[in-house]
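Asks: What follows is the residue order along each chain.
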Amino acid sequence: MTQSNREEPFRVTNASERAAVRQPVIALMTDFGLRDGFVGIMKGVIAGIVPHAQLIDISHDIAPQNVAAGAWLLSTAYRYFPAGSIFLCVVDPGVGSQRRAIALEAGDWFFVGPDNGLFSYVLAEQPVRQAVALENPAYRLPVVSTTFHGRDIFAPAAAHLARGVPLADFGTILEPHALQRLALNLPRREGGRIEASVIYIDHFGNLVTSIPLTLVPDLFTAPRVRLLVPQHNLTIERRQPFFAGEAGEDEPFVYSDSAGYVGIAIRNGNAAARLGMSVGEAVTLVIEES
Amino acid sequence: MTQSNREEPFRVTNASERAAVRQPVIALMTDFGLRDGFVGIMKGVIAGIVPHAQLIDISHDIAPQNVAAGAWLLSTAYRYFPAGSIFLCVVDPGVGSQRRAIALEAGDWFFVGPDNGLFSYVLAEQPVRQAVALENPAYRLPVVSTTFHGRDIFAPAAAHLARGVPLADFGTILEPHALQRLALNLPRREGGRIEASVIYIDHFGNLVTSIPLTLVPDLFTAPRVRLLVPQHNLTIERRQPFFAGEAGEDEPFVYSDSAGYVGIAIRNGNAAARLGMSVGEAVTLVIEES
Amino acid sequence: MTQSNREEPFRVTNASERAAVRQPVIALMTDFGLRDGFVGIMKGVIAGIVPHAQLIDISHDIAPQNVAAGAWLLSTAYRYFPAGSIFLCVVDPGVGSQRRAIALEAGDWFFVGPDNGLFSYVLAEQPVRQAVALENPAYRLPVVSTTFHGRDIFAPAAAHLARGVPLADFGTILEPHALQRLALNLPRREGGRIEASVIYIDHFGNLVTSIPLTLVPDLFTAPRVRLLVPQHNLTIERRQPFFAGEAGEDEPFVYSDSAGYVGIAIRNGNAAARLGMSVGEAVTLVIEES
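Protein chains in written order, with this note's numbering: chain A, 1 to 290; chain B, 1 to 290; chain C, 1 to 290.
Because the hints were derived from the structure by calculation, they are not lab data.
The beta carbon of each residue, even a glycine, is placed where N, CA and C say it ideally should be.
Treat the hints with care, as some may be off.
To be verified - Taking CB as the label site, the calculated pair distances span:
| # | chain 1 | residue 1 | chain 2 | residue 2 | range |
| --- | --- | --- | --- | --- | --- |
| 1 | A | N66 | C | E195 | 45 to 51 angstroms |
| 2 | A | A168 | C | E195 | 49 to 55 angstroms |
| 3 | A | V279 | C | E175 | 55 to 61 angstroms |
| 4 | B | V143 | C | R238 | 52 to 58 angstroms |
| 5 | B | P176 | C | R274 | 56 to 62 angstroms |
Unchecked claim - Partner residues are not named here, just some residues of chain A that face chain C (Cβ under 8 angstroms, in silico):
| # | residue |
| --- | --- |
| 6 | V45 |
| 7 | S145 |
| 8 | T147 |
Unchecked claim - Per the computed footprint, the stretches of chain B lying under chain C, defined by three or more beta-carbons under 8 angstroms from a beta-carbon of chain C, are:
| # | segment |
| --- | --- |
| 9 | 35 to 46 |
| 10 | 106 to 119 |
| 11 | 202 to 212 |
| 12 | 235 to 246 |
Whenever a hint applies, use it, and build me the whole structure from the sequences.
Replies: Below, the structure written as structure tokens:
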């Protein structure tokens with residue numbers, strides 16, 4: 001009843017529809033915010049190279065320079081984009097330093113950005129078909145600044161990819177194992193017990209844990225489940241498959257978040273604010289196995 | 001001099017221009033915010049189904065789960081979109097529960113979203129040509145979550161509509177009177193007196209009342225007008241057709257808001273903050289009829 | 001090593017690529033915010049007139065009615081857009097008053113908005129090819145409000161321009177010298193000394209000064225440079241071409257901002273917050289000339 005879509009990505013299967021995909025998709029994710037014009041400038045650069053791309057914003061409000069947060073958010077989104085989509089991702093505290101600029105094809109998609117761990121979940125979840133260092137000056141702006149590679153290197157690379165330039169033309173081929181990866185601390189299940197943490201708080205204040213729903217197929221069928229939040233001396237036993245259920249307006253419950261993880265919510269309320277919980281806080285899920 | 005555009009929607013009348021409308025418009029309005037990637041994911045789903053749509057954001061900052069605020073904002077926007085535009089609207093506290101998912105053709109436009117009153121103004125203002133329940137699994141994602149129907153049901157429906165799928169293919173035909181509607185509390189004029197309330201505060205701090213300009217064609221020609229704000233013991237008599245007029249920098253005045261309603265503003269200032277007024281506050285307009 | 005891109009705009013030079021630019025670009029910049037639907041409404045109007053335009057947001061978070069801030073932000077962005085792009089810019093405290101609505105071709109681009117100084121940098125930097133007053137009712141909405149010319153005048157004008165309507169059809173030709181301009185207070189260099197100010201604080205808290213990098217080609221090669229901030233009794237001597245350099249985590253440094261100006265940053269930190277500096281604050285750059 002409450003399954004994740006993570007393992008079953010959506011596909012356009014009708015061949016004539018697929019043929020109609022003449023408009024390449026470039027999806028953008030950054031920590032630039034929308035106030036300063038940085039994102040618009042990148043799109044202006046893209047429009048000069050590939051005028052007919054469909055430009056889709058995933059988020060530009062990644063916490064500044066928080067590579068891990070960006071990596072996670074990307075993991076919740078990319079599967080829902082059509083095959084061939086190009087993800088232009090810039091959370092880049094090392095801009096201008098020796099960190100590499102890369103592009104890669106993984107699964108059915110392309111990814112462009114700094115080689116700093118931003119693609120860690122993608123690399124863990126998808127087979128890497130090819131990866132390259134972005135070195136070819138033909139696919140950069142004529143002058144490359146030291147502080148805005150989103151504009152000068154990454155946006156042009158994504159746009160030229162969308163035009164059909166092969167990955168290998170951008171620079172040196174990289175071995176997948178040479179790409180930077182973050183330690184993801186994926187939780188493991190030991191019997192019915194899973195040690196995890198809060199990994200994200202969404203716009204509504206729902207708390208998303210690091211426990212993938214694939215690890216708990218019995219979340220809603222086990223006779224009893226307890227989510228322990230030791231720091232707040234809290235135990236949540238109520239489970240609810242959707243928000244508008246029977247829980248009282250102040251009672252937290254466990255639900256299956258649409259990103260594919262176990263979450264904590266309060267009906268019509270902001271769970272993070274009401275419970276005082278924040279990202280990184282430890283939680284333990286205990287499933288009474290039948 | 002100061003008329004509303006509400007009654008005279010803009011139309012492309014040139015036939016060759018109309019023929020050129022090969023790029024369907026999908027306009028999105030939600031309470032998802034832009035930080036979490038939810039909106040980008042919906043657009044990714046759409047791009048996989050109808051790659052060449054023009055995707056336009058109306059707002060994603062509706063107050064969380066405030067269906068009435070979403071309904072009102074939609075009413076200020078839809079007339080300005082070309083005939084055939086599809087409005088994908090998700091303010092959906094009841095997601096996953098028994099509330100229906102619907103699509104409808106009303107006036108010259110299509111609307112897709114939850115059947116919870118979000119289309120109340122549209123239903124009051126436009127003839128409903130057809131309405132359906134979104135039931136056909138062919139036009140949903142293969143797996144439907146219990147918490148993100150924007151992604152799994154509404155975005156695919158809007159995209160398939162944009163591809164040309166007829167409304168009737170989506171599910172059971174619904175009678176218009178069976179659709180959920182909010183009580184709109186539209187003000188009435190009794191002589192020169194109108195009891196109303198503040199319905200919206202915009203980004204500039206302008207206070208928009210629930211009094212349609214169509215109810216007060218004499219707003220700027222009557223010898224005297226008083227807008228009473230009893231809770232703040234305030235009477236506003238100055239009328240001004242635009243912001244940069246003769247009012248002093250601290251003096252509130254009545255103006256004709258571009259959404260089609262009587263508003264209260266302060267020149268170069270934030271009226272809501274200066275007057276301490278908020279949404280829901282009662283106001284009375286008294287027009288001295290000549 | 002650390003040059004501005006400002007003097008060397010990006011161009012698509014390949015002729016076949018240029019021919020492919022069948023999708024006109026309309027770039028939008030306003031102080032409307034994204035909450036109220038104003039921007040979406042303008043895009044809806046555009047889509048009804050020119051369905052296939054590529055609509056790109058530069059920023060909608062210009063400080064309300066701050067024409068100078070809008071003028072500056074536009075100056076950092078327009079060069080990166082393809083030739084022929086149309087900039088639809090609305091920061092318009094004088095809406096509804098006697099201020100003119102204008103469109104102009106300057107350099108390789110078109111600009112549409114109020115004649116209130118919003119195009120001051122563009123006018124200082126680019127040759128004006130033609131400028132007109134937006135007067136022709138055929139290129140406005142049928143009813144023009146007194147408070148939302150973005151919707152009723154500017155968006156239709158930009159869209160009709162994108163359709164190919166010649167500038168001269170919109171109204172009276174204006175002499176370039178008759179257009180409103182702000183006093184830009186561009187700093188001058190006297191020997192190695194430049195008196196300037198903080199002109200912008202970006203999303204990351206980096207402080208951008210009004211000193212163009214073109215004025216200080218020796219910024220990173222001079223034996224010594226001092227940036228004086230008298231109000232905070234601060235002298236910054238460290239120079240660093242990019243953010244991830246050798247400066248300690250609390251040590252401010254001078255860098256070359258991607259907008260083409262001298263900036264002040266703190267590694268992995270918010271310089272404005274840490275130093276307590278704000279827009280308008282005076283700074284003096286002293287370059288020891290070798």
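Asks: Now look at each hint and say whether the structure bears it out.
Replies: Each hint, compared with the structure:
no. : hint                                : verdict
1   : A:N66 - C:E195: 45 to 51 angstroms  : violated, 38 angstroms
2   : A:A168 - C:E195: 49 to 55 angstroms : holds, 52 angstroms
3   : A:V279 - C:E175: 55 to 61 angstroms : holds, 58 angstroms
4   : B:V143 - C:R238: 52 to 58 angstroms : holds, 54 angstroms
5   : B:P176 - C:R274: 56 to 62 angstroms : holds, 59 angstroms
6   : V45                                 : holds, 5 angstroms
7   : S145                                : holds, 5 angstroms
8   : T147                                : holds, 5 angstroms
9   : 35 to 46                            : violated (count 0)
10  : 106 to 119                          : violated (count 0)
11  : 202 to 212                          : holds (count 3)
12  : 235 to 246                          : holds (count 5)
Consistency with the previously given hints fails for numbers 1, 9, 10, ordered from lowest to highest.
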